[in-house]
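These protein sequences, in sequence, are chains A and B. Going by our numbering, the residue at position 216 of the first sequence is 216; the numbering climbs one at a time, nothing skipped. The number in our numbering is simply the position in the second sequence, starting from 1, with 1000 added.
Just some of the chain A residues that point at chain B, by a computed CB distance under 10 angstroms:
id : residue
1  : Pro66
2  : Ala115
3  : Ala117
4  : Arg119
5  : Gly218
6  : Ala220
It should be emphasised that the hints constitute simulated quantities derived from the structure, not laboratory data. The C-beta atom is built at its ideal place from N, Cα and C for all residues, glycine as well.
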Amino acid sequence: MLPLALICLLAAAPATPPAPSRWVTDQARVLSPRVEEALDRRLEGYQQATGHQVLVFIGQTTGGEPIELFAERAFREWKVGRAGLDDGAVLFVFADDRALRLEVGYGLEAVLPDALASRIIEERITPLLKTGDADGALSAGVDALITTIGGAPLGPASVAPRLSTPQWIAVGAGVVGFLLLLIIRPDLALRLLTLMLLFGRGRGRGGVSGGGGRSGGGGASGRW
Amino acid sequence: MAATAGVSPSHRRNSSGLLFALVIIGGGALLVIGWAVSSYNRIVSADQEVRARWAQVENAYQRRADLVPNLVETVKGAANFEQKTFTDVTEARARVGQLSAGELSGALENPETFQRFQQAQQSLGTSLSRLLAVSERYPDLKATANFRELQAQLEGTENRIAVERMRFNESARDFNTLLNRFPTMFIARAFADRFQARPYFEATPDAQKAPAVRF
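Modelling step: build the complete structure from the supplied sequences, incorporating the hints.
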């Protein structure tokens, strides 16, 4: 039953790479490590300063799928941007396909309309990609994106959510229950712990997942 | 005395049996009603989802239609631009505009209107891509910032349309599955005037390949 469901799922949509854990992901190894790290840190800082999530994803090929379809699906599954705001953008580059796409979330459409996205791709990124300068192209692209989207600095960092009294009671009850189980049935307790760890990892996948992910297919594509 | 003593326990057994049957029937009825209500509500939510997606589809198409006048003006400005291509676009745009707002909101219940909408939009799409293809022959036009901006907007809009159509089809498929699935189908049949199968957008065969330009 499960394998069948899995097969159906796989047949319905080609696999999407798992949500990236960093701001810059270079699977095709076209960026120099120094530039990759610098861009990554820059985008991380940008998100911390403004809340807007801008990602770069460089892959080999979409495997024949139109880049627009791939980009829309990945954007949705990675939940780019903040929940409810969808203020994210992802620059997808596929080295073997020589194709790129800037996918823009609903929340950034006002500041980054299709025409601007297209100009960034055509004027800043593809000319450098044509000369083989991936480092320069992506740096210029990130530069242009950050300048175009801009964004006001965030207010004081939001305080970590505090638990209310009922939540404290629930947490306490859970801990006591677990300790009791550990005494009565240590094997079950350990299994439960493993399960919880597995589940927790599944939920927290992708260090940058923001909870947004809605895009109406806005943005622009290009080739070089 | 012996007779009354004999009646009393059997009478008690009878009434407890009746009570038991009533509880079973009542419980069963409650379960059925609860199931019916939740099924109905599930269908209603799926229906609302389809309607919301439909509105998004309309928005995306409207966005494209709104670009047309500006595009036509820009193209007209180019020296001796092929007249027929932009009159085609203008005519197709006019046909799209003929569908009234009322007709469009009722298109989900009316496959014929839906078909007309799809055909009108498709012919606008075809004429627009032909216009873009023809404009390749006018380097001066292609070089203007205005035209390039419009072209980017048009490409972006086409992609939005594709995305919204896909999402609409997904929601329509979910809804139609719900209508035909056992046992939800009984509820759907009972409210057949409200819940009918929703139409799908068909993949346009010519949308995949570049438009053919006839000289």
